[in-house]
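8 protein chains.
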Amino acid sequence: MTVPYKRLNKDDAVVLLVDHQTGLISLVQDFTPNEFKNNVLALADCAKFFNLPTILTTSFETGPNGPLVPELKAMFPDAPYIARPGQINAWDNEDFVKAIKATGRKQIIIAGVVTDVCVAFPTLCALEEGFDVFVVTDASGTFNDVVQKAAWARMTAAGAQLMNWFSVACELQGDWRNDMEGLANLLSQRIPNYRNLMNSYSAFTAK
Amino acid sequence: MTVPYKRLNKDDAVVLLVDHQTGLISLVQDFTPNEFKNNVLALADCAKFFNLPTILTTSFETGPNGPLVPELKAMFPDAPYIARPGQINAWDNEDFVKAIKATGRKQIIIAGVVTDVCVAFPTLCALEEGFDVFVVTDASGTFNDVVQKAAWARMTAAGAQLMNWFSVACELQGDWRNDMEGLANLLSQRIPNYRNLMNSYSAFTAK
Amino acid sequence: MTVPYKRLNKDDAVVLLVDHQTGLISLVQDFTPNEFKNNVLALADCAKFFNLPTILTTSFETGPNGPLVPELKAMFPDAPYIARPGQINAWDNEDFVKAIKATGRKQIIIAGVVTDVCVAFPTLCALEEGFDVFVVTDASGTFNDVVQKAAWARMTAAGAQLMNWFSVACELQGDWRNDMEGLANLLSQRIPNYRNLMNSYSAFTAK
Amino acid sequence: MTVPYKRLNKDDAVVLLVDHQTGLISLVQDFTPNEFKNNVLALADCAKFFNLPTILTTSFETGPNGPLVPELKAMFPDAPYIARPGQINAWDNEDFVKAIKATGRKQIIIAGVVTDVCVAFPTLCALEEGFDVFVVTDASGTFNDVVQKAAWARMTAAGAQLMNWFSVACELQGDWRNDMEGLANLLSQRIPNYRNLMNSYSAFTAK
Amino acid sequence: MTVPYKRLNKDDAVVLLVDHQTGLISLVQDFTPNEFKNNVLALADCAKFFNLPTILTTSFETGPNGPLVPELKAMFPDAPYIARPGQINAWDNEDFVKAIKATGRKQIIIAGVVTDVCVAFPTLCALEEGFDVFVVTDASGTFNDVVQKAAWARMTAAGAQLMNWFSVACELQGDWRNDMEGLANLLSQRIPNYRNLMNSYSAFTAK
Amino acid sequence: MTVPYKRLNKDDAVVLLVDHQTGLISLVQDFTPNEFKNNVLALADCAKFFNLPTILTTSFETGPNGPLVPELKAMFPDAPYIARPGQINAWDNEDFVKAIKATGRKQIIIAGVVTDVCVAFPTLCALEEGFDVFVVTDASGTFNDVVQKAAWARMTAAGAQLMNWFSVACELQGDWRNDMEGLANLLSQRIPNYRNLMNSYSAFTAK
Amino acid sequence: MTVPYKRLNKDDAVVLLVDHQTGLISLVQDFTPNEFKNNVLALADCAKFFNLPTILTTSFETGPNGPLVPELKAMFPDAPYIARPGQINAWDNEDFVKAIKATGRKQIIIAGVVTDVCVAFPTLCALEEGFDVFVVTDASGTFNDVVQKAAWARMTAAGAQLMNWFSVACELQGDWRNDMEGLANLLSQRIPNYRNLMNSYSAFTAK
Amino acid sequence: MTVPYKRLNKDDAVVLLVDHQTGLISLVQDFTPNEFKNNVLALADCAKFFNLPTILTTSFETGPNGPLVPELKAMFPDAPYIARPGQINAWDNEDFVKAIKATGRKQIIIAGVVTDVCVAFPTLCALEEGFDVFVVTDASGTFNDVVQKAAWARMTAAGAQLMNWFSVACELQGDWRNDMEGLANLLSQRIPNYRNLMNSYSAFTAK
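Protein chains in written order, with my numbering: chain F, 7 to 213; chain H, 7 to 213; chain S, 7 to 213; chain W, 7 to 213; chain U, 7 to 213; chain C, 7 to 213; chain G, 7 to 213; chain V, 7 to 213.
Bound-form chain F, shown alone (with noise of 0.2 Å):
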């Protein structure tokens, strides 16, 4: 009954951005768009800030489904970056399932678009290859609630963990004195009410 808690490590954790694509992103009505965007900055935030390795993929980014968002290439200039042909679950791609494992990890972090398609195929996939596969719900878009709510349940069925990007960061960080400022600089990008009340503590302690 006891099993052993699957934490985070950030020297085992690998993450993976799927088709958060212009196009792709206007199916997205389970967050609103400004909602969406920060949560999926957030994450790539965090790939970046504890160093981790990211893999990105598209689909078929030369048609309607539009090129990956800029912001998300720009950040990771040096990630594999697979331009899948036509498989929808990016698993089916051979680069993209080597691109995992060259990495040597086995705690996967992934997010995408649509949620019940490609993050939750995939999943399922590293699920049963035996990987942890942490789903970070907020970073993950698709068409409404009630396709959110049968994927979630889908992916938790098969052992996926479902977190979202600030619970990914916690527990990768694991200790504020790891880098405190580094930390508190990247929540207050992406946390207003947190910004505030840095800036509040800030002016207070000035004086």
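Hint data in this document are derived by calculation from the structure and do not stem from the laboratory.
Keep in mind that this is a model prediction, so the values were computed, not measured.
Check before you lean on any hint, since a few could be wrong.
Claimed, not checked - Distance ranges between label pairs, derived from CB positions: (1) S/E100 x F/R183: 55 to 61 Å; (2) F/E77 x S/A190: 56 to 62 Å; (3) S/E77 x C/E135: 43 to 49 Å; (4) F/P10 x H/K54: 29 to 35 Å; (5) W/D185 x C/D98: 51 to 57 Å; (6) C/N184 x U/A190: 33 to 39 Å; (7) S/G92 x V/E135: 31 to 37 Å.
What the hints assert, rightly or not - Reference listing, derived: stretches of chain C covered by chain G, where coverage requires no fewer than 3 residues with Cβ under 8 Å from a Cβ of chain G: (8) 161-174; (9) 202-209.
Claimed, not checked - Taking lysine to aspartate or glutamate and the DMTMM-like style, the derived pairs with C-alpha atoms no more than 25 Å apart in a straight line are: (10) V/K107 x F/E134; (11) W/K16 x U/E187; (12) C/K12 x G/E134; (13) U/K155 x G/D151; (14) V/K12 x S/E135; (15) F/K12 x V/E67; (16) W/K12 x U/D138; (17) S/K112 x S/D101; (18) G/K107 x G/D181; (19) G/K107 x C/D17.
Here a beta-carbon is modelled for each residue, glycine too, at the ideal position from N, C-alpha and C.
Given the structure of chain F, go ahead and fit chains H, S, W, U, C, G and V onto it with the hints provided.
Chains H, S, W, U, C, G and V only, in chain F's frame:
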């Protein structure tokens, strides 16, 4: 722990459309009428597109429940059609189960009205008999969100996988290259934002 | 994996109505008052219609919690009626458990106020003692949606099946032909859209 | 106090469809994509059915805003079509206003994307020039409910009448007997529950 | 600025119930079916209780719209009953307007299905002719909240007063002492929480 | 067009608290019980803090409606207290109106249960007699959002100003320097986030 | 009846940003923190882009309310900045009103925290003095939707026009050709779906 | 299948209150501030009432996160109080775990801010070490409903039981007769509708 991923396969799947009748649909309140109609027809489009054996059934169609919606009848003129004389659970009707077993397929894709009865009961029976069952949550409707979520919980606990019509389509397709134009047409009819992406793309690339 | 489907059976089911009291009901905020009243009486109608043994219990009915709603008392004049002197968990009251066991039935259909206490506690005890428990989610009310969903999660994890009064009615009925008019009358009283379908049907076919 | 009721009249009404473009529609978040598409096409159906002069206009259709949705272009091949070179408020475009005035009609039925700009600005101008303006709220979309309701308040305060496509259809029709079958067909295409009523009716009365 | 308060008066009010038909009610989605049924019957209860002249009308009741809901017919067997042969706006039917004027009353209490058409059109006509119009918002239903709120705005701008069945009852009653038991009975039937208060009160004071 | 701004003035305002009774409050469903209790007591705090004459009234407090909530009685032991023998509209009770007029004040701040009756009726009467009326929307409760918004529309059309307890407090205070600590204490009791700001501030500046 | 349309004009408009302080913003609950931050900064972008005179004011910024959010201070380093010593209504501060009048402009664009106080009070005063006031609803925040809508009603009744930052931008711009790239940049920063359209467009037309 | 029901027991339970700090609470958006404050204090009331050992901990309380809310400090002056120097997961702090183990208790009742981090991380660790963990969902807050539900799923999958403060109170109390007045007082302070029931009861039975 790492059981194989139960993945939909167009050679092993059969579609059951249960009690989408003109009267019963007025009971559906967990989707707007337009969303529900679109989702049901989209699932039917998938069944056609992938040439899946499809089985139609109705409950008391000569009474207030009303006839099957004519679009479904028209789309599947040669499908087994079981007008049940009284069994609420379609699985209690021998002809219905025979029709399923005659297909030799073990993956059941099911949708119907209402979710907690016409979908849940045969789902629980099919799971008991060893079928894999994929419930299409957005093509199945019921009284309200409380009933929907309770029915989902009951079916999930018994091993059903919750999906939506779009993830069914994508899992069956596997690779866009299997028939890019066909799938694009299907999505264009049923997902307005996808249609808009395609039309923008055509306009821009025509220049 | 393929455990038998636990299906409600009118010869093996007993109904527990827990603490539907005139005062306590003012705590229920996860349903509107009209919806909740209708659902509770619909479940009571089912108990009557299928001649299920039914057990009533109240908590401190002489205090602010108030008496059992009179409609329930009137519908089940001969049912075991346990006015608990203090036990919050009805299962802690020997008379209540004795009354259940006296029926010899192993399927418990339970509803009450509030879901997280008066329903959840006896549900967890009954499951522990080997009963099958079917929680009627829409005839059970509590403070808000967060509490409702947390209570559902706790009961589901322990093996309870979540249902609603309509799916209880349908699973017990099995086949419309067992008593078509009786069930139609019941549904007509409690589901306005069903009543409308019947009235339209009568009008149209009378021509 | 008792001013005459400004009632839509098919001999005095003109329909303005403003900026329903494939790109801009991705900004609409106060309706689901399916609902919005259905409402816009339903309003177009009304314009056709009542032979109302209809004027189409777009904003920068050669840029990211995208082309007019093809269905509208196809439905009104001979309608004045003003591709505005830059004016955000269509009323600032002389050709647009000329086209309206050329119809000699004083009742403007308007819908567009986005409500707070493309609908509100010409509405306020038209009211100022003495037109009666009927805003079709459900065929006009914008960013969210706050923006929608603020735009409604601004237009209402200036004398616009808020309507929806169905009430436009009914006010123009006046009497079912003017063309019962025609209106029934239109409603059957756009209101699934109405279609179901008709199909139930046909089935029942055919007996 | 200080115009006299237009207060409902049981000697000057007439009730119009417009198109509460078994088919049309399936279009109502801005209230749950149970809430809507309860509200409509509660308004009818008020008309009976205060002996208000009541006029019933239907639209094409021999077609898919279906018959008037039988409860209303049964409650007002002697009321003027105008089955309109085709006019969508009941005010366009001479018999309907004659029946209203025959009562000699100037305060119109109106409810119907759907709000934006069957309620709004006669409301606007009646206001134009100098009647005071009190729209019973919760006994009038339509497609969704957007349509509801747009229809409210149009009617309010024209001078209609928005009410609900409970405020109609209370304004007509004026003083509980006019018939305390009668009003209490009415409220007990239609407001579950009020019924519970009464039952708790009876139980406590009986001690 | 530019009428003077009707601004609350602590020397010209009187507070009316209408029917906040232990039974009637169970009818309030447009606020959660905790929010509503907090808002009502906050408004009472304001009346105390600004020394506004305050008038309490109840409807049938010896019946199921129950007594005035004890907190209000305790806060205003010397306030005029009119237990109405039967008038639903408090303005129909001579003692109530006399008590208001005895204050010589022309600005009425009113809140009560339920909004559409106990607040709306006296509001409409007071406006008719030339008072300025400020309805405290968040200290007034009723059955649901539809009823709330309809009542707001009726009162707004008659000239009432819609406010909330916080804006009442701020408009009466005018300048923080009139009694900074007093107002801060009041807000700290009733607005948890304000309390947190103050506590953070104290902690940070104490360093 | 046909009063001239009050249209924003960049030569006659002044922007007031009231009390967007790091502490006070924690009171805002009618927008998510991300949406609110984005909207406020978007409005500030507009003020910069159109070179509108802009006036900043704060309430007790040395206390728990906290300093002005630093972004606003940084964007408008030379703007009049009135740190009010105690006046809750900024219009009660002579320096603030002087600063507005010094601009010689008659169109006030206002936003602030909280809507019902810091926005509503100066809005009502400005209207009384003959200014045209345009309330930017989505850059103004408050406690909840009830308070928001009540504040809107009070301001609308007094003649304020409700807008949102996007409609402000579009009405001031008038014609895209005035500075297409500038406006496109602004929208791309603040509307993720617009940014996506632009990025898709660039990708497609680059081919 | 029938594992024993893990029932809270006041002799085996310990309460952990994690990071309810004046700054951090501004991040909580899945409850209104009033509801959240009430729930947290209600849970603290339970800890006091049942004399449960209670452990307080904070994260960086000298920084922007702010101090523990003073009410909690005041209620548990002698409780172990661990101001963590940097560990995000309280379980990573040896003093915290030692304090728990020093109680000798195996049932952990936990609540905190934010749910997905400060509650979820120690919950997962405690489960791994064999504790039974009862998460008090309504005294734990986070960014939004998506994050809340994802965190619930992760904790449930690991074996945590989801509860709410009221069910914790009731399960610990067991029987009203253990201290009827004490529990009644607690509920009266925290559940307004319960308080109203008690006050009505007292008034009615005093007659």
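Hint-by-hint comparison with the structure:
no. : hint                        : result
1   : S/E100 x F/R183: 55 to 61 Å : 57 Å, holds
2   : F/E77 x S/A190: 56 to 62 Å  : 60 Å, holds
3   : S/E77 x C/E135: 43 to 49 Å  : 46 Å, holds
4   : F/P10 x H/K54: 29 to 35 Å   : 48 Å, violated
5   : W/D185 x C/D98: 51 to 57 Å  : 53 Å, holds
6   : C/N184 x U/A190: 33 to 39 Å : 48 Å, violated
7   : S/G92 x V/E135: 31 to 37 Å  : 36 Å, holds
8   : 161-174                     : holds (count 7)
9   : 202-209                     : holds (count 5)
10  : V/K107 x F/E134             : 38 Å, violated
11  : W/K16 x U/E187              : 53 Å, violated
12  : C/K12 x G/E134              : 10 Å, holds
13  : U/K155 x G/D151             : 16 Å, holds
14  : V/K12 x S/E135              : 13 Å, holds
15  : F/K12 x V/E67               : 28 Å, violated
16  : W/K12 x U/D138              : 18 Å, holds
17  : S/K112 x S/D101             : 17 Å, holds
18  : G/K107 x G/D181             : 28 Å, violated
19  : G/K107 x C/D17              : 31 Å, violated
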